[in-house]
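Colleague: Build out the structure end to end from the sequences listed, making use of the hints.
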Amino acid sequence: MLKTLSLFLVLMAVWLLLSGIYTPLITGFGVGSCLLSALIAYRMDVVDREGHPLHLGPRIITYWAWLFVEIFKANIDVAKCVLFPQKYLRPSIFTVTASQKSDLGRVIYANSITLTPGTVTVDLDGNQVMVHSMTEVSAEGIKSGDMDRRVTKVMEEA
Amino acid sequence: MELVLDIATWILMLAGSLLLLITGYGLLRLPDLYTRIHAGGMADTLATFLIFIGLALQSGFTLVTAKLLLVLVFVFFTSPTSSYALAQASFVAGLKPKLDGFGPVKKTDDDA
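In order, the protein sequences belong to chains L and X.
Residue 53 in numbering that gives the first Met the number 0 sits at position 54 of the first sequence, with consecutive numbering throughout.
Residue 56 in numbering that gives the first Met the number 0 sits at position 57 of the second sequence, with consecutive numbering throughout.
Everything labelled a hint here was simulated from the structure, so no lab data went into it.
Wrong hints could be hidden among the right ones.
In silico DMTMM-like pairs for lysine to aspartate or glutamate, Cα to Cα no more than 20 Å straight-line [unchecked claim]:
1) L:K86 to L:E139
2) L:K2 to L:E49
3) L:K152 to L:E49
4) X:K97 to X:D31
5) X:K95 to L:D122
6) X:K95 to X:D31
7) L:K142 to L:D124
8) L:K79 to X:D31
9) X:K97 to L:D122
10) L:K100 to L:D145
11) L:K86 to X:D99
12) L:K100 to L:D47
13) L:K86 to L:E135
14) X:K95 to L:D124
15) L:K86 to X:D31
16) X:K97 to L:E135
17) L:K79 to L:E69
Bear in mind that the values here come from a model prediction, so they are computed numbers and not experimental data.
Modeller: Right under this line is the structure:
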């Protein structure tokens, strides 16, 4: 029930940010629709640790900051590769093991790999992640397991 | 102050546009579907980020900026999912990635 309440508050915050019109009638509609959405989500039993992962809290923010720096570096890497393919283009495909136990953790890991240009998750089977990478640098980045460890730390599943 | 913001916007948006240009070039030039997905990844991530931050600098501290940042967050959540769907579908359909024939050409005995 506490999760449903926090879902309502999050929905309400997003609604207020997107609306911009704060007359009583419109805001009333906003409260009504957020309440209805929260109730339906509660009835459908989708307000759990996976559907509303508030417990990740501030740790996911620091992870995003780290991920953004990685994305920045990877973008420069891929741009170089596109401009000078003879020198940098070395596609490879390999499998790494994800150390996260929950589905949510594995999805965060696999999506982080895909979000970083130069590496794409091709297949996710159990804890085996098949990755297609574009350059040697990007392949090394995944094989070193740094991202895997950080996601596991965010999920607190060490 | 206005001038500084304008210059920053110019720099950010031009850098983003340059990345989009490289992305388009990569989509045409790279050898197979999987490597082209990588090129598309640039447009989804840093190019979008640079252009949206440039726009946010112009709109200032308003609700428009909040909306721009929300769109950015949604793009960052959905684009890897669509890339994965594309890569996974081609892999399941049996499309083999092109893995060799890159880099310096090794001379074999037949070449003489």
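Colleague: Output the indices of the hints that this structure fails to meet, ascending.
Modeller: none
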